[in-house]
Amino acid sequence: MARVWIFGADINTDQIVPGRYAPYMLKNEDDLRKYPFIEHRPDFAGNVRPGDIIVAGNNFGCGSSREYAPLALRMVGVGAIIAPLFARIFFRNALNLGIPCFTADLTGKLRDGQEVELDLERGRIHTDDGRTLQLPPPPAFLREVWAAGGIVPYYRKYGRFPGEG
Amino acid sequence: MAQTLSEQILSRAAGRPVSAGEVVTVNVDLVMMHDSLSPSIIRVLHEELGAERVWDPQRVAVVIDHVAPAASVQTAEKQAEVRRWVRAQGITHLFDVGRGISHPVLVEEGLARPGMVIVGSDSHSTAYGCVGAFGTGMGTTDIALAAATGRTWFRVPETVLVRANGRFRPGVSAKDLGLKAARLLRADGATYAAVEWHGVEFLSVMERMTLATLSIEVGAKAGIVPPTGLLQTVPEWLRVEDGARYSRVVEIDLDNLEPQISAPHTVDNVTDLRDLGRVAVDVVYLGTCTNGHYEDMAAAARILRGRRVAPGVRMLVVPASAQALQLAAEDGTLATLLAAGATIGTPGCGACIGRHMGVLAPGEVCLFTGNRNFRGRMGSPEARIYLASPEVAAATALTGYITHPQEVVDGRYLEL
Ligand code: SF4
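Protein sequences, first through last, are from chains A and B.
Per our numbering, the first sequence starts with residue 1, numbered consecutively.
Per our numbering, the second sequence starts with residue 1, numbered consecutively.
Hint data in this document are derived by calculation from the structure and do not stem from the laboratory.
Some hints could be false.
Stretch-level coverage of chain B by chain A, calculated; a stretch enters the list once three of its residues show a Cβ under 8 angstroms from a Cβ in chain A [to be verified]: (1) 31-44; (2) 188-195; (3) 346-356.
We put the CB at the ideal spot given by N, CA and C, even for glycine.
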């Protein structure tokens with residue numbers, strides 16, 4: 001079972017990991033795992049479990065190009081992020097790191113802390129109260145990058161970028 | 001078929017005509033990385049991608065601007081590592097501590113030119129749109145891939161057109177136009193799209209950069225000002241075409257535009273400054289790739305000339321580049337700022353991301369000429385950041401509360 005973590009709209013990268021907690025600023029770069037949402041939601045990093053799902057409002061990940069924002073989420077094992085709209089750099093960084101992002105509006109459909117099961121293959125969420133939520137299927141090239149485990153393994157496997165014949 | 005500027009540039013880079021919505025692989029002309037992310041880019045390049053060298057050491061630019069000079073042993077060590085790597089790779093374009101912020105520096109150095117595709121490890125790489133380049137920000141992995149291969153992939157963006165009509169009134173400038181656009185488009189209004197800024201050919205290159213950098217604050221992939229009236233040679237294939245398709249058109253009337261202010265904690269939380277009410281400030285901070293240019297220091301100096309910053313207010317000026325500082329030193333702008341009581345910092349990013357050189361304490365209020373007022377951006381999450389133009393910054397420094405430039409107009413000092 002995965003736990004749902006609900007976030008609001010316009011969550012920016014300074015809220016995910018403030019610039020002051022960048023790996024650049026740290027003695028031990030592994031400490032980054034302690035810092036996702038350190039100021040915005042201090043109970044997150046200590047309680048999130050591998051496979052948990054972030055369900056957010058509009059424009060998730062807006063702001064800077066810092067890949068250490070999705071990297072910190074990957075370090076704590078976030079299984080998927082679902083939002084009606086992602087900021088483009090965040091979306092791309094998360095894709096590159098192999099974190100599934102689904103563009104869907106689930107605000108109001110799930111509770112914070114709710115236990116659910118995510119079926120990544122079929123893009124479905126089964127809730128503990130017996131509902132099934134269908135996520136819109138992502139474009140084929142995104143699924144290929146996820147399947148490869150991120151853009152670096154994808155490039156090493158195929159020797160080309162998505163969209164390149 | 002008529003194309004937008006982004007479609008024209010990406011068509012050339014892809015080697016075939018492309019249009020909005022397509023996913024394409026393109027050649028990049030320039031890759032920029034800065035001190036903050038270079039160590040992780042270098043690691044991905046060598047360890048994950050297994051590349052030994054960058055694809056072209058002439059077309060990778062490295063800038064030490066985000067924590068410059070180093071603020072701690074960690075940052076100093078990482079900068080030393082980046083310098084060693086730059087030498088080993090034979091990269092010639094290293095811009096070290098004090099040269100300034102990557103975006104103005106690459107424009108000043110003539111490395112960013114009209115029609116190029118430029119990718120940078122920084123979201124404000126949209127800045128290169130000030131010379132009619134397609135500039136965009138990416139993260140560590142994408143930049144490592146681009147540096148290794150000279151290529152990247154894009155979904156060709158739709159274009160949102162912001163058309164300015166008329167001329168600014170005294171005390172109003174490019175920042176007000178940019179904030180007004182954020183007010184109308186909102187923070188997600190151009191996500192996955194490019195912005196073209198029309199009707200602003202009367203602005204200087206760095207004033208255009210104000211608009212180009214603010215484009216990311218409405219979510220844009222690129223923010224391009226048509227390259228007219230530049231000193232640089234513009235390729236003849238690059239021009240605004242009648243019939244190009246825009247996904248949305250926003251008109252802004254400059255003749256009636258008032259000074260704008262973006263209140264905490266989102267950039268699109270914008271009102272006319274007149275409607276703000278009285279907000280006392282602790283710090284006035286003039287700097288960044290958005291408004292730390294020579295033009296911005298000069299605009300502030302025109303208002304500050306012969307006066308003093310209000311007691312209890314700290315005014316920090318961090319020039320965007322060494323060249324901007326040099327110009328300000330040559331024409332007396334710098335002397336005016338110093339005489340007014342401003343403190344001058346090393347050209348670079350300064351406290352824009354809250355790492356050094358003027359970080360804010362809990363409860364402090366800052367009037368900032370930068371581009372982001374997110375909670376915690378400049379230090380304490382309990383601080384409050386207001387974004388405005390350099391003219392508003394100067395007026396605010398004089399009074400100690402956020403002030404309309406007209407309020408401090410005095411014929412003796414000020415010819416706006
Ligand atoms: S000045 Fe601020 S916004 Fe501009 S590049 Fe530096 S940190 Fe980024």
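Quick rundown of the hints versus the structure:
1. 31-44: holds (count 6)
2. 188-195: holds (count 3)
3. 346-356: Result for this restraint: holds, n = 3.
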